[in-house]
Every structure is written in C-alpha cells, then in structure tokens.
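Engineer: Given chain H's structure and the hints, the job is docking chain U onto it.
As they're listed, the protein sequences go chains H and U. Under our numbering, the first residue of the first sequence carries the number 4, and numbering increases by one thereafter. Under our numbering, the first residue of the second sequence carries the number 4, and numbering increases by one thereafter.
Calculated directly from the structure, the hints in this document are not laboratory data. Misleading hints may appear alongside valid ones.
Pairs count within a copy or across copies, as identical chains cannot be separated in the list.
[What the hints assert, rightly or not] Computed list of lysine-lysine pairs in DSS-like fashion (alpha-carbon distance at most 30 Å, straight line):
| # | residue 1 | residue 2 |
| --- | --- | --- |
| 1 | K165 | K124 |
| 2 | K165 | K149 |
| 3 | K124 | K149 |
| 4 | K165 | K10 |
| 5 | K10 | K124 |
| 6 | K149 | K10 |
There are 2 protein chains.
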Amino acid sequence: MSAVRFKARETIEQVEEGYDLAPRFDDRGLITVVTTDATSGELLMQGYMNAEALSLTIQTGEAHYFSRSREVLWHKGATSGFVQSVRELLIDDDQDCIWLRVDVAGGASCHVGYRSCFYRKVPVGTDFEAGQREGHIDLEWTDTEKVFDPLDVYGDVPNPTKL
Amino acid sequence: MSAVRFKARETIEQVEEGYDLAPRFDDRGLITVVTTDATSGELLMQGYMNAEALSLTIQTGEAHYFSRSREVLWHKGATSGFVQSVRELLIDDDQDCIWLRVDVAGGASCHVGYRSCFYRKVPVGTDFEAGQREGHIDLEWTDTEKVFDPLDVYGDVPNPTKL
Chain H
4 MSAVRFKARE
14 TIEQVEEGYD
24 LAPRFDDRGL
34 ITVVTTDATS
44 GELLMQGYMN
54 AEALSLTIQT
64 GEAHYFSRSR
74 EVLWHKGATS
84 GFVQSVRELL
94 IDDDQDCIWL
104 RVDVAGGASC
114 HVGYRSCFYR
124 KVPVGTDFEA
134 GQREGHIDLE
144 WTDTEKVFDP
154 LDVYGDVPNP
164 TKL
Chain U
4 MSAVRFKARE
14 TIEQVEEGYD
24 LAPRFDDRGL
34 ITVVTTDATS
44 GELLMQGYMN
54 AEALSLTIQT
64 GEAHYFSRSR
74 EVLWHKGATS
84 GFVQSVRELL
94 IDDDQDCIWL
104 RVDVAGGASC
114 HVGYRSCFYR
124 KVPVGTDFEA
134 GQREGHIDLE
144 WTDTEKVFDP
154 LDVYGDVPNP
164 TKL
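Same shape as in the complex, but just chain H:
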C-alpha cells in the first residue's frame, strides 16, 4: 500500500481551484478536522491530524487523528471500539481543514459517553436576552442519555480534558 504523497503549495489558484491535494499543516504540523455523522449530519467531534494520520485515514478509510493531549497518533476506536468508517473526506478552499463524513460503529464519538461531543447549547439573540441574568447564562442540555459508561470503556485512563 503506497503512502499518500501531498503536493507542495505553490499558488493560490492551485490550492483553491486545482486538483492537487496540498494540505496546509500549521506550525505544530497539524490540520483541523471536522467529523460529522454521514447519515444524520450531526457534528460528532472536532480534532486534528498530522501528515501521518491524514495519510493513514486516506489509505485505510478509517479515521486516524493526532491526539494533542497525549501527543500520539490516534486510531479512533482502538480503545473504545467506536471506529469511524469514512464515507467521504472533503477538504476546504485553502486546504487547511478536513471534513470527515463517517459511520460510527456503536454510535458514540464522545469520551464523556454521549453520541456527539456537542450535547449542550448556548441561548443566542433574543433567547440570550430573555434568559440571562447580568450576563450570566446557563447551558441547555440537548442530549442527556449516555451511549456508554466511560469508566467501563476507558477504566483509569486519564481524562483528556485540559482546564
């Protein structure tokens, strides 16, 4: 299986309107990744890939990320079993963001145990004005049912959330 060869970024025309895969990795060597459920369209998570993770994702069709908290290549689902099968991989205009449309085995993508990492919303506009008390607002929960118990799946692995 040949590794993926990325092209050098030479012109704006090439990057924005061409056929070359010429991703822009930032000064940490990472590109931003947005992952949605291919069926429901729901945003599942946002992560990062380095060149190796992007290449492996393209080659295998399974989502690989780079974990910033653990500083390792991360085959999503290797621990939890919730592998993400990539139905489509898209790249944005200036090629500094990847969009994965995936099917998730078992249906969960969030280390807290929910289907999606985005289970709380912030009231905006007139809802913000109606609900706030001197600028303080409460988050509203959109999902309260966990798909799994993190303790069962991850045991005593440290929580990746940084304060």
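Structural biologist: For chain U alone, kept in the frame of chain H given last:
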C-alpha cells in the same frame, strides 16, 4: 445589552457535565468554530472566535469570527452581504469548540464563491487504492457552480488564503 460573562474553568466535572459556559481560548485567545447549514446539515466553513466575537455572536444572533489572516473582528457578511443567522450555538464536552447551525442570507459562505468551502473530496480506502498512481491522487469536485463572482463582491481586497 449586557456583555456575556464567561465562567472560570475550575473542574473537569464543571466543564464537561455542568451548566457553566466556561470556554477554553487557546494561547492566541481563540476558540475553534464549526459552521453548518441548519437546514441541509452541510459543513459551510471552519473559523475562529476570540472572546469578543463569541460574546457578540451570542448577543446578536449573527455569526462573528476573528480573522486570523487580517487579525480583526469579523462580522461575517459585512462585506459580502452573506450574513449568517445563528439558529443554534452548541459547545463541546471540554468547551474548546463551538458549533454554529446557521441560515445564510444569499446562500454562500465561501470566499471563492461556492456555497460551502468544502467543494472537493479526496478518494479514501478502496477508492484511493483504485485511483492513485504511486501515491499521487486527484481531488474530485463535488460542486462546480459558484453562487457569486468573488471579483464582484470583494473587488481588489487581498485573498485571505496563505500558502
């Protein structure tokens, strides 16, 4: 109109499972934003907000970002007219990513002129194996019809894409 007050980040429990809005801005003072079309679910763009942009978005219900290329607060649509009305604003488990579900006046969100910034895809898995030539692959276009001509809308404003 009171400004939004963010809470200090004190515990993982508070951040992941609480009602406090306690966003994590990175060392540049920015939080990642993912913006999808509220009707179609399509990923429109990925950007960044600083605290001011997040506060203004919550207060006004219209998407504000921080432009890294121009280093300014950016009311999306102020130049192009393609204002994004926020139907829902969600935040992820560790509160370092915002998801905006928006309605876009005029239907375009991409400075190149397409509806979405994600108009090209990369073949993955067996499609990659079938199409690649020694690791080289061609992007496939998923949208070829521009909603507007960037020259008409932006004139001689410098292209924000960085090589």
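Engineer: All hints, please: hold or fail.
Structural biologist: Each hint tested on the structure:
{"no.": "1", "hint": "K165 to K124", "in the structure": "within (20 Å within a copy, 33 Å between copies)"}
{"no.": "2", "hint": "K165 to K149", "in the structure": "within (21 Å within a copy, 41 Å between copies)"}
{"no.": "3", "hint": "K124 to K149", "in the structure": "within (17 Å within a copy, 33 Å between copies)"}
{"no.": "4", "hint": "K165 to K10", "in the structure": "between (35 Å within a copy, 15 Å between copies)"}
{"no.": "5", "hint": "K10 to K124", "in the structure": "between (39 Å within a copy, 15 Å between copies)"}
{"no.": "6", "hint": "K149 to K10", "in the structure": "between (42 Å within a copy, 25 Å between copies)"}
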